[in-house]
Each structure stands twice: as C-alpha cells, then as structure tokens.
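There are 2 protein chains.
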Amino acid sequence: MKSEPHKVFEQLLNSKGLKVTKQRNDILDYLLKAKKHVTPEDIYRDLNKKDANIGRATVFRTLHLLENAGFADKIQFADGRLAYEHKFARPHHDHMICVECSSVLEFSNATIEKIQEEISKKFMFKPLWHRHEIFGRCKKCNKMD
Amino acid sequence: MKSEPHKVFEQLLNSKGLKVTKQRNDILDYLLKAKKHVTPEDIYRDLNKKDANIGRATVFRTLHLLENAGFADKIQFADGRLAYEHKFARPHHDHMICVECSSVLEFSNATIEKIQEEISKKFMFKPLWHRHEIFGRCKKCNKMD
DNA sequence: TATATAATTGAGACTGATTCTCAATATCAT
DNA sequence: ATGATATTGAGAATCAGTCTCAATTATATA
Ligand SMILES: [Mn+2]
Ligand SMILES: [Mn+2]
Ligand SMILES: [Zn+2]
Ligand SMILES: [Zn+2]
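Protein chains in written order, with this note's numbering: chain A, 13 to 157; chain B, 13 to 157.
These are computed hints drawn from the structure, not numbers from a lab. One or more of the hints may lead you astray.
Since the list can't tell identical chains apart, any single copy or any two copies may satisfy a pair.
As the list claims (entries may be wrong) - In silico lysine-lysine, DSSO-like type, Cα no more than 30 Å apart, as pairs:
1) K86 with K48
2) K14 with K45
3) K14 with K62
4) K151 with K138
5) K151 with K134
6) K133 with K19
7) K99 with K28
8) K19 with K45
9) K28 with K155
10) K155 with K126
Produce the complete structure using the sequences and hints provided.
This is the structure in structure tokens:
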C-alpha cells in the first residue's frame with residue numbers, strides 16, 4: 013500500500029532521472045505523518061532513533077528536493093530556526109507564530125491573496141511565492157505574560 | 013548640526029543608561045544615508061574602508077539595539093541573507109523581493125493590515141510584528157528570463 | 001579638570017546550521 | 001546479472017552570528 017504522495021514523489025523522481033531510495037521515502041513519510049512543522053534536526057534525530065542511519069546531508073538534500081518540487085514549504089520561527097511541512101492536498105496558507113513557545117497557527121484569506129496579485133501587477137512584478145508571517149503571543153502565552 | 017534621529021537615538025541611550033559612542037553614531041549614520049536595504053557585512057566593510065576600525069560584533073550589537081528600539085527593521089532575501097533599513101519617519105511597509113537580483117520594491121496596503129488585525133483577534137493571538145514578503149522576478153529580470 | 005565607575009569595544013574563539021567533498025554503495029535500465 | 005549513473009554518510013569546510021575578555025572610553029561627580 014503505497015500512499016498517493018509517495019506515488020507522486022516517485023513520478024517526480026523518475027521524470028528527473030533521479031532514483032527512489034529508502035532515505036528519500038523515509039523523509040517524505042516523516043513529513044506526511046508529522047502533526048506540526050518540523051525542523052531538519054527533528055527529522056535527522058528521529059529517523060536515526062529507529063532505523064539505523066541517515067545522514068544530515070541527505071535530510072537537507074531531500075528537503076530541498078521536496079521544496080523545489082512544490083511538495084514542501086518552510087517557515088521560520090522568531091529565533092531564525094527553519095521548519096518544514098508537506099503540501100500534499102493542503103491548500104496554501106500563512107502563519108501566526110508565537111515568539112514565546114514557537115507554536116504556529118495557520119490562516120488563509122482570499123482577499124489578502126487577491127490584493128497581493130493586484131499589487132504585483134501594478135509593479136510589473138512576477139510573483140512566485142510569498143511569506144506572510146505574523147509574530148506575536150499565542151492565547152496561552154499571552155495569559156501568563 | 014545633529015540630526016533629529018541622532019537626538020532621538022541619544023535619548024534612548026540615555027534613558028537606558030547606555031553610552032553615546034562614535035561607533036553607534038556611525039552605524040546609525042550609515043543606515044540613515046543608505047539608499048537601499050543593507051547587510052551587516054555592508055556596514056562592517058564600508059565603515060572600515062574610511063574610518064579606522066569598527067568590529068563586526070559592534071555592528072551586530074548596534075543593529076539589535078536599533079531593532080529592539082523600533083528604529084530599524086530587517087528583511088531577508090531569497091537566499092537567506094538579512095538586510096536592514098532604518099525606520100525614522102518612514103511608515104510601515106512590506107516588500108517584494110526579486111529572486112534574481114535581490115532588488116526590493118516596497119508596498120503597503122491598509123486593507124491587508126486591517127484583515128491581519130481581524131484574524132489575530134479571532135485567534136486570540138496578540139500580534140507584535142509581521143513580515144509579508146512576496147518573492148518573484150522584478151520587471152527588469154523578468155524581461156530577460 | 002581629574003578621578004572613579006561602569007559601559008563599550010574589537011580580536012578572535014566559538015557555535016549552530018548548512019553545504020561540500022569524495023570514496024563506498026545502491027538503484028535501475030538493459 | 002551487469003554496467004552506468006545517482007546517492008549516500010562521514011566529516012571537513014563554510015558562513016553568519018554570538019561570546020569572552022582585557023583594554024579602552026564615556027560620563028557622573030568632586
Ligand atoms: Mn503551516
Ligand atoms: Mn523597506
Ligand atoms: Zn505561545
Ligand atoms: Zn530583479
């Protein structure tokens with residue numbers, strides 16, 4: 013039982029003359045199962061716990077591969093750390109990031125997206141992607157200020 | 013003839029029991045005169061060209077000082093490099109960043125800002141600041157694709 | 001102005017994240 | 001199964017930024 017994302021990923025690899033490897037599949041799996049945004053170090057640490065060895069370099073290489081293919085996205089916490097999430101069957105969204113506990117809320121707003129398009133057009137700027145992050149304190153962290 | 017921003021900066025320093033130094037003034041000056049967003053390395057390099065020596069550590073320390081005081085803001089290019097701009101008598105704005113040439117266009121939109129407030133409220137999230145960056149190709153770089 | 005005190009400084013060591021190198025290994029078309 | 005080619009992990013290298021600390025400088029006060 014190979015999941016749909018794995019099939020799609022495999023197609024991408026084939027189409028680029030790249031090979032399907034255990035490491036690449038494990039990393040994709042990890043992202044698919046993650047309940048939150050995960051750092052490269054999370055992936056490296058957890059995949060090495062169980063299953064013998066996977067190198068840090070491979071984690072980064074695979075994340076870039078997924079990102080470039082449009083299968084993963086990254087966000088950045090207030091302290092600069094990067095975290096990833098997969099994009100299979102998930103609509104585009106942006107983030108509110110707690111500066112205290114690094115928890116993340118997701119939001120999306122059609123009006124904002126539309127205005128962005130209009131602004132880009134006005135400036136003859138060809139938008140490829142965007143990042144809209146609101147930093148602040150989440151409900152929980154705000155209470156205990 | 014001390015500029016208004018320098019006076020305000022001096023007040024900040026005094027109010028915190030910090031000292032007014034040549035290095036801090038030079039860095040503020042550099043930001044005030046810069047025509048574009050500048051990196052810490054730009055500041056370090058250029059200030060050392062002319063005027064004897066100023067350490068990298070001091071550049072970073074002073075940028076953080078200015079940032080925390082609300083006198084400077086940073087943006088991040090597509091490759092991850094950080095750049096700063098001063099905020100004296102400049103209204104809030106967001107950025108469109110060219111992935112080819114790293115040129116930056118500025119925009120601001122009241123509707124977007126308002127919607128952000130509403131979304132934050134809905135999630136009981138206390139917004140402190142935000143970053144809204146559109147990455148793509150500027151008019152010039154788009155032509156020569 | 002001289003002195004005392006406390007903040008600031010730059011050099012360079014250090015850190016953490018990421019990238020690079022390369023020889024050994026795994027994948028895949030045939 | 002074989003051969004051509006892509007991938008791998010270890011560890012070295014890089015890079016931005018931070019830290020440490022002894023020497024220096026700013027400033028309050030006498
Ligand atoms: Mn998300
Ligand atoms: Mn700007
Ligand atoms: Zn929180
Ligand atoms: Zn451009």
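Taking the earlier hints as the rules, which of them does this structure contradict?
6
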